[in-house]
Amino acid sequence: GQQVMQIPQYQHVQEGEDFTTYCNSSTTLSNIQWYKQRPGGHPVFLIQLVKSGEVKKQKRLTFQFGEAKKNSSLHITATQTTDVGTYFCAGVDSNYQLIWGAGTKLIIKP
Amino acid sequence: KAGVTQTPRYLIKTRGQQVTLSCSPISGHRSVSWYQQTPGQGLQFLFEYFSETQRNKGNFPGRFSGRQFSNSRSEMNVSTLELGDSALYLCASSWTSSSTDTQYFGPGTRLTVL
Chain S
1 GQQVMQIPQY QHVQEGEDFT TYCNSSTTLS NIQWYKQRPG GHPVFLIQLV KSGEVKKQKR
61 LTFQFGEAKK NSSLHITATQ TTDVGTYFCA GVDSNYQLIW GAGTKLIIKP
Chain P
1 KAGVTQTPRY LIKTRGQQVT LSCSPISGHR SVSWYQQTPG QGLQFLFEYF SETQRNKGNF
61 PGRFSGRQFS NSRSEMNVST LELGDSALYL CASSWTSSST DTQYFGPGTR LTVL
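Keeping their order, the protein sequence lines are chains S and P.
Okay, so the first sequence: first residue is 1 according to the numbering used here, each after it adds one.
Okay, so the second sequence: first residue is 1 according to the numbering used here, each after it adds one.
Take these hints with a grain of salt, some might be off.
To be verified - Just some of the chain P residues that point at chain S, by a computed CB distance under 10 Å: (1) P8; (2) S33; (3) Q44; (4) F45; (5) Q54; (6) N56; (7) F64; (8) A92; (9) L114.
Claimed, not checked - Residues from chain P that keep clear of chain S, each with C-beta distances beyond 10 Å, as calculated: (10) R67; (11) R73; (12) T100; (13) F105.
Hint data in this document are derived by calculation from the structure and do not stem from the laboratory.
Quick reminder that beta carbons are idealized off the backbone N, C-alpha and C, glycines included.
Chain P with its partners taken away, still in its complex shape (with noise of 0.2 Å):
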């Protein structure tokens, strides 16, 4: 079975440019989650969407959003780039909505923001 896939896998942008990420999870999975990562600061929760509804939201300011399909696919979008959005992006797909089930993590996608 495929696993958690997750493009691009690098980007580049400049402040003030917008951005959308994709996810795709595990076949059968119906939750998406994404998460930031920093160095220093672990795993940041962004939001989780379980079929097509967002069921629960991190502490991100409305640059931030996401949108989940029929297919379970995800996308994040950041706008108005910030320096400080440069971060690993890592989305996460289970089974449920259930906060017991466990996550299955993409490869994450690099955001690098000059």
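If we strip away everything but chain S, and leave its shape as in the complex, we get (with noise of 0.2 Å):
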């Protein structure tokens, strides 16, 4: 089936370093939701992106979708301790399924 893959699996960063996970499909999404997990919770939207090439901004989160709408990242500028957990995100396929990726964890190293 379609699948939406998610890298880096984990990534280790010092805090105030920045931080980076990527979405890619295979075939075109219609739109791209992100979701948080922070450790021994549950997932918590973020946003949601429609437009091809589209860029949201959140404080220190920037989310994009690619022109092709096949791509997606989610980029944490100067991470704070507070980031830490698993970011997942989940494309929208042309059978209007949610796929979701398998998520990036977020580590800060002390």
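Starting from two chains that each stand alone, build the complex the way the hints lay out.
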């Protein structure tokens, strides 16, 4: 079936460094959603991107949707300990199914 | 507005038993989706219910089943439990069954199968 590949699986950063996670689909997505799951918690909706080439910002978080609507990225500037968690993307495919990426776990090194 | 609630929060069962998990969606939400989450496997979609009808189903064996009631509350049942069924089971509710709707997740039920 259709898949959304998310990389990397894990990323260790020093506090203050930047972090980026990428999602790639082999087919065009109608939109993509991003969620964050804190350790021991449940996924919480962050944002939805719909338009080709769309860029949205939430404070230190920047979300992009590729021109071909096949890829997306989440970039965090100057990470803080509160950013720790797993970030998931979920894309809507041509069958209107929500396809989840496997998540990227952000770990802040002490 | 109260969030999505799931009961029980923790459950320990033995192989071969069956289990029923419950999910109460946010008031007004009519769609409930269920996911299985295991370490390193991300979120695996089980099924979605909308207005008491199963709309979508993931690639899980028939031992996994669900239903939704007229008040939108949902239950999922796993029969003949296996060790590999140990996981966090999350339910998520949304206003409609549209895949573009935001999913609001509950805290999950952590199932351990011994």
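Violated constraints from the hint list, given by number and in increasing order: Violated: hints 1, 5, 7, 9, 12, 13.
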